[in-house]
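Asks: Sequence:
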Amino acid sequence: MAEIPTLNIAWQSPDRVSGLICGDDALMVYNSLSEQARTGLKYDEPTKTMIGSTPFAVANLDVLAQKYGARTPNLRDLSRPEVMRIAEDKHYIDSRNLVARSKIDANYPKNNSLLRTIYELAEANLGKIGDTPFMIEGFSFDSAPEDKNGYGLRLVPSDNFRVIQDKRLGGNYDGFKFSEVDELGLPKFSENGGSRTWWTRNSGLARLCLGRDLNLFSSNGILASSNDAGRVVFLK
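2 is the number of the first residue of the sequence shown in this note's numbering; add one for each residue after it.
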């Protein structure tokens, strides 16, 4: 077979390498999660694949991934081509962020114990929060059997815990169109609209995820919900 010649041009490497939890180490990754943190997820033995996704799993698996020089996605990563290719027409992918819009979640009361912790941490970080919604990053979850009215999980901040306030996280921007995102991964809205949609809600706590239609969702307050379309992604 003839040797294929090479071209000496400015080839561009991807910013990140992404991968699904599939292969010989997938069961180890799945088993690293506590029973509470893997609610809604399952391991498929024939394909050696972890199926499903929740923000609880994504946050806790970030701790594991970092031991191997990898990480789970934040909001910015959800708009990287490497991640969008995995999601398109197939999967939804959660980020390791959560969005808080009020101290009480009237629609999903199970979120209220987490919201108490989140607001305490946010106010310690930024001072008085006010009404501007915010997202958090840099945390994991420990088992909390005493949390009978919630998810049985306690939010634990890491050393790189961050609070980002931005009005675009509010319900007033629900349904807005965009094509580009800023350095935080938040949509850059323009008069020309765009090919993607930003979905939000007015109050409570919500996850941040990329849909199979490549839209960004911050409207789902049921943090433990998962289905077979969900996938956890690692990046490095």
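Keep in mind that a hint or two might mislead.
Computed list of lysine-lysine pairs in BS3-like fashion (alpha-carbon distance at most 27 Å, straight line) [what the hints assert, rightly or not]:
id: 1; residue 1: 43; residue 2: 189
id: 2; residue 1: 111; residue 2: 168
id: 3; residue 1: 91; residue 2: 43
id: 4; residue 1: 129; residue 2: 104
id: 5; residue 1: 68; residue 2: 237
id: 6; residue 1: 168; residue 2: 178
id: 7; residue 1: 49; residue 2: 178
id: 8; residue 1: 49; residue 2: 91
Label pairs and their calculated CB-CB ranges [unchecked claim]:
id: 9; residue 1: 47; residue 2: 176; range: 37 to 45 Å
id: 10; residue 1: 68; residue 2: 144; range: 14 to 22 Å
id: 11; residue 1: 36; residue 2: 89; range: 27 to 35 Å
id: 12; residue 1: 160; residue 2: 33; range: 19 to 27 Å
id: 13; residue 1: 125; residue 2: 86; range: 35 to 43 Å
id: 14; residue 1: 131; residue 2: 47; range: 36 to 44 Å
id: 15; residue 1: 9; residue 2: 46; range: 13 to 21 Å
id: 16; residue 1: 68; residue 2: 127; range: 43 to 51 Å
id: 17; residue 1: 160; residue 2: 83; range: 44 to 52 Å
id: 18; residue 1: 176; residue 2: 228; range: 22 to 30 Å
id: 19; residue 1: 237; residue 2: 45; range: 19 to 27 Å
id: 20; residue 1: 105; residue 2: 46; range: 21 to 29 Å
id: 21; residue 1: 129; residue 2: 26; range: 43 to 51 Å
id: 22; residue 1: 68; residue 2: 118; range: 24 to 32 Å
By construction, these hints were calculated from the structure, which means they are not laboratory data.
No residue lacks a Cβ here, since even glycine has one placed at the ideal position from N, Cα and C.
Asks: What are the numbers of the hints the structure violates, in ascending order?
Replies: Failing hints, ascending: 1, 7, 14, 15, 16, 17, 20.
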